[in-house]
Amino acid sequence: MSVLDRVRARPHGPVSVLGRGRARPQAAAGVALTLPVAVFFVVFWLVPFLAAIYLSFTDYEMAGTPNWIGLANYERMFADPGFLNSAWITVVYTVCTVVPTIVLALLVAVPLSKPGRLNRGLRALVMIPAVMPLAATSMVWVIIYSDRGLANTLLGLVGIGPQSWLTSSDLAIWALVVMVVWKSMGLFVIILTAGLQALPGEVYEAAAIDGSGAVTTFTRITLPLLRRTLLFVLVISVAGSMQAFVPAFLLTGGGPADATQVLPYYIWANAFPYEHMGYAAAMGMVLLVAMVIVSALQFGFLKGGDE
Amino acid sequence: MRAGTVLRTVWLIVAVGFMLLPVYAMLVVASAPDDTDLRGLVFNGFHLPDNIRLLFGEGNLPTYLRNSLILCVGTGVLDVIFSAAAGYAMAQLSFPGRRVLFALVVGTLALTPMVLVIPVFLIVKELGWVNTFQGMMVPGMISAFGVFLVRQFALGIPKELLLAARVDGAGEFRIFARVAVPLLKPALITLFLVHFLAQWDNLLWPLIVANEQELWPLPVGLANFQSEVGFTYHLTTTAALVTAVPPFILMVALQRYYVAGLTFGGLKR
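Protein chains in written order, with our numbering: chain A, 1 to 307; chain B, 1 to 269.
It cannot be assumed that every hint is accurate.
[Claimed, not checked] Chain B stretches covered by chain A per the calculated footprint, using a threshold of three residues with CB under 8 Å from any CB of chain A:
| no. | stretch |
| --- | --- |
| 1 | 9-17 |
| 2 | 32-45 |
| 3 | 54-63 |
| 4 | 129-143 |
| 5 | 192-206 |
| 6 | 253-264 |
[Unchecked claim] A few chain A positions that, by computed beta-carbon distances, are all more than 10 Å from chain B:
| no. | residue |
| --- | --- |
| 7 | 77 |
| 8 | 190 |
| 9 | 263 |
[Said to hold, decoys possible] Cβ-to-Cβ under 8 Å is the rule here; a few derived chain A residues that face chain B:
| no. | residue |
| --- | --- |
| 10 | 48 |
| 11 | 125 |
| 12 | 128 |
| 13 | 132 |
| 14 | 153 |
| 15 | 155 |
| 16 | 171 |
| 17 | 186 |
| 18 | 256 |
| 19 | 280 |
| 20 | 281 |
| 21 | 284 |
Because the hints were derived from the structure by calculation, they are not lab data. Bear in mind the structure is a predicted one, so any value in this text is a computation, not a measurement. Note that CB positions come from ideal geometry on N, CA and C, so glycine has one too.
Given these sequences and hints, build the entire structure.
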């Protein structure tokens with residue numbers, strides 16, 4: 001929002017300085033430089049978005065023509081156990097990935113952001129999991145969760161018997177959650193560390209002179225100053241979890257018995273293998289609206305204390 | 001105070017150790033001679049080069065790797081060119097439709113692919129692009145993120161520089177190419193990196209639009225890998241390792257830009 005304000009407040013300097021005669025080549029160049037992008041956004045973003053809204057009110061099935069059926073898809077959704085199950089799993093999955101990821105990332109980032117040669121080395125190492133492609137990560141975790149894999153080996157060390165991580169309907173969702181927490185943690189440690197290093201050092205010196213303890217410094221100084229970065233991390237991690245498709249697709253295929261069928265997976269399955277495109281479009285719209293509402297709530301909640 | 005420092009260091013080493021454990025396990029299993037030990041704790045010889053040679057000798061991995069490179073470099077370069085042009089113009093030139101375009105770009109930042117894949121697939125199908133490279137590449141060619149990133153960065157170009165060039169009689173396109181592009185270079189490198197990494201990991205779209213194995217990029221190939229090599233865990237892991245190498249090299253070479261890309265929006269307003 002501040003970005004928009006800045007754009008409006010900016011005077012069109014060069015035009016006014018050099019007079020009206022210069023405005024025309026500038027306008028022509030502006031149109032020419034933006035035309036490809038404008039066409040692209042209309043064809044591949046705006047038209048599809050409007051088409052998705054339209055399709056969500058039809059019974060389109062890939063073969064045949066779409067027939068207008070009003071709100072029938074939306075009514076069907078709330079009586080569809082598959083959708084209700086997916087929506088619930090998405091809520092559980094989002095809460096249980098976002099909260100531990102941010103808490104753990106903060107616990108690592110705060111000490112890691114301090115200067116020192118060891119910390120510099122550790123910061124470089126943290127980037128390795130962050131930069132691993134999710135597809136590769138998922139294949140590695142399939143091995144980790146296999147019967148003779150690392151997860152069962154580590155459990156064995158503390159005397160717990162082997163578990164069937166990806167084929168038990170009670171455990172599979174938690175297996176996904178652990179992998180995703182691990183995967184996003186690296187990313188968020190980097191972002192939070194950069195945010196922490198940008199904080200003014202004088203505040204901390206003043207706090208130390210006043211005899212402020214580590215915990216007080218963290219809750220009274222670090223957290224409030226880090227608000228903007230935290231909001232950013234929160235928004236991207238919630239949005240990422242709500243539209244996560246790859247982990248469920250690669251690790252469990254939505255199973256066992258739909259236990260990991262998150263909403264993006266259910267939408268994809270309805271749209272492509274089953275070709276219920278109208279119904280899938282309607283579920284996509286619900287997901288979009290949910291994401292917009294959740295983002296707005298986060299901005300409201302964390303921006304509330306500003307100014 | 002002293003005890004606190006020690007405690008903090010121990011915690012950091014343990015935490016980072018745990019974060020690296022799966023990467024280490026990947027290295028161990030990818031270097032194994034067979035599937036007998038999948039714990040990923042102790043190296044059983046170092047057969048990584050043999051495994052890689054095996055994968056490149058018979059499997060489809062070279063095809064997937066080639067496709068991924070075409071996809072990521074191709075769309076990455078196009079995204080940089082088009083986003084540079086549009087981002088610069090939106091920040092520094094006044095032309096009709098500028099505000100509408102900016103609203104369009106910011107609006108699309110909020111859209112989820114789950115809403116768009118169905119109609120975009122229908123458009124691509126209408127164009128006859130299913131099972132083609134252009135079908136895989138064109139819809140993801142320009143990102144709202146890229147245009148937005150360049151625009152934010154271009155707002156910082158001093159007006160006097162552009163004005164001086166205009167006074168010298170340089171045309172607008174010349175000013176863009178000779179004055180703006182060199183100044184935008186850090187943002188353009190960041191954009192290429194972010195675009196490359198995102199495309200490298202894009203599973204959903206190629207999965208939908210490419211049914212022919214010849215066209216598959218690495219994520220789709222990996223997803224079908226187990227059926228292909230007869231479900232050998234250690235070779236799947238080797239393939240995953242190979243997939244992780246190009247992003248890793250890029251990240252090491254361009255670390256500064258990588259962090260800048262990640263934190264864009266978090267630190268700036």
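Checked hints:
1. With a cut-off of 8 Å between beta carbons, the stretch 9-17 of chain B has 6 residues touching chain A; three or more are needed, and the interface restraint holds.
2. Residue count for the stretch 32-45 of chain B with a Cβ under 8 Å from a Cβ of chain A: 5. That meets the three needed, and the coverage hint holds.
3. Coverage of a stretch by a chain is defined here by at least three residues with a beta carbon nearer than 8 Å to that chain's beta carbons; for the stretch 54-63 of chain B and chain A the count is 0, and the condition is violated.
4. Against chain A, the stretch 129-143 of chain B contributes 4 residues with a C-beta closer than 8 Å to a partner C-beta. That satisfies the three-residue criterion, and the hint holds.
5. With a threshold of 8 Å between beta carbons, the proposed coverage of the stretch 192-206 of chain B by chain A holds, since 5 of its residues qualify and at least three are required.
6. Closer than 8 Å: that is the beta-carbon criterion, and the stretch 253-264 of chain B has 5 residues meeting it against chain A, so the requirement of 3 holds.
7. In this structure residue 77 of chain A is separated from chain B by more than 10 Å, as the shortest Cβ-Cβ distance comes to about 14 Å.
8. For residue 190 of chain A, the shortest C-beta to C-beta distance to chain B comes to about 6 Å, within the 10 Å cut-off, and the non-interface label is violated.
9. The non-interface label for residue 263 of chain A is inconsistent with chain B: the shortest C-beta to C-beta separation is roughly 8 Å, within 10 Å.
10. With its C-beta approaching chain B no nearer than about 4 Å, residue 48 of chain A sits inside the 8 Å limit, and its interface hint holds.
11. Contact between residue 125 of chain A and chain B, as hinted, is supported at the beta carbon level, the nearest pair being about 6 Å apart and thus within 8 Å.
12. Contact between residue 128 of chain A and chain B, as hinted, is supported at the beta carbon level, the nearest pair being about 6 Å apart and thus within 8 Å.
13. Hint on residue 132 of chain A holds. Least Cβ distance to chain B is approximately 5 Å, under the 8 Å limit.
14. Because the beta carbon of residue 153 of chain A sits about 4 Å from the nearest beta carbon in chain B, less than 8 Å, this interface hint is met.
15. Violation of the interface hint for residue 155 of chain A is found here, the shortest Cβ-Cβ separation to chain B being roughly 12 Å, above the 8 Å cut-off.
16. Because the beta carbon of residue 171 of chain A sits about 18 Å from the nearest beta carbon in chain B, more than 8 Å, this interface hint is broken.
17. A hinted interface residue such as residue 186 of chain A counts as satisfied when its beta carbon comes closer than 8 Å to some beta carbon of chain B; here the least separation is about 6 Å, so the hint holds.
18. Of the supplied interface hints, the one on residue 256 of chain A is violated, with its beta-carbon coming no nearer than about 17 Å to a beta-carbon of chain B, more than 8 Å.
19. Nearest Cβ of chain B to the Cβ of residue 280 of chain A: about 6 Å, under the 8 Å cut. The hint holds.
20. Given the 8 Å rule on beta carbons, the hint for residue 281 of chain A holds: about 5 Å separates it from the nearest Cβ of chain B.
21. Annotation: interface hint on residue 284 of chain A holds; nearest CB of chain B at approximately 4 Å, less than 8 Å.
Of the numbered hints listed earlier, those contradicted by the structure are 3, 8, 9, 15, 16 and 18.
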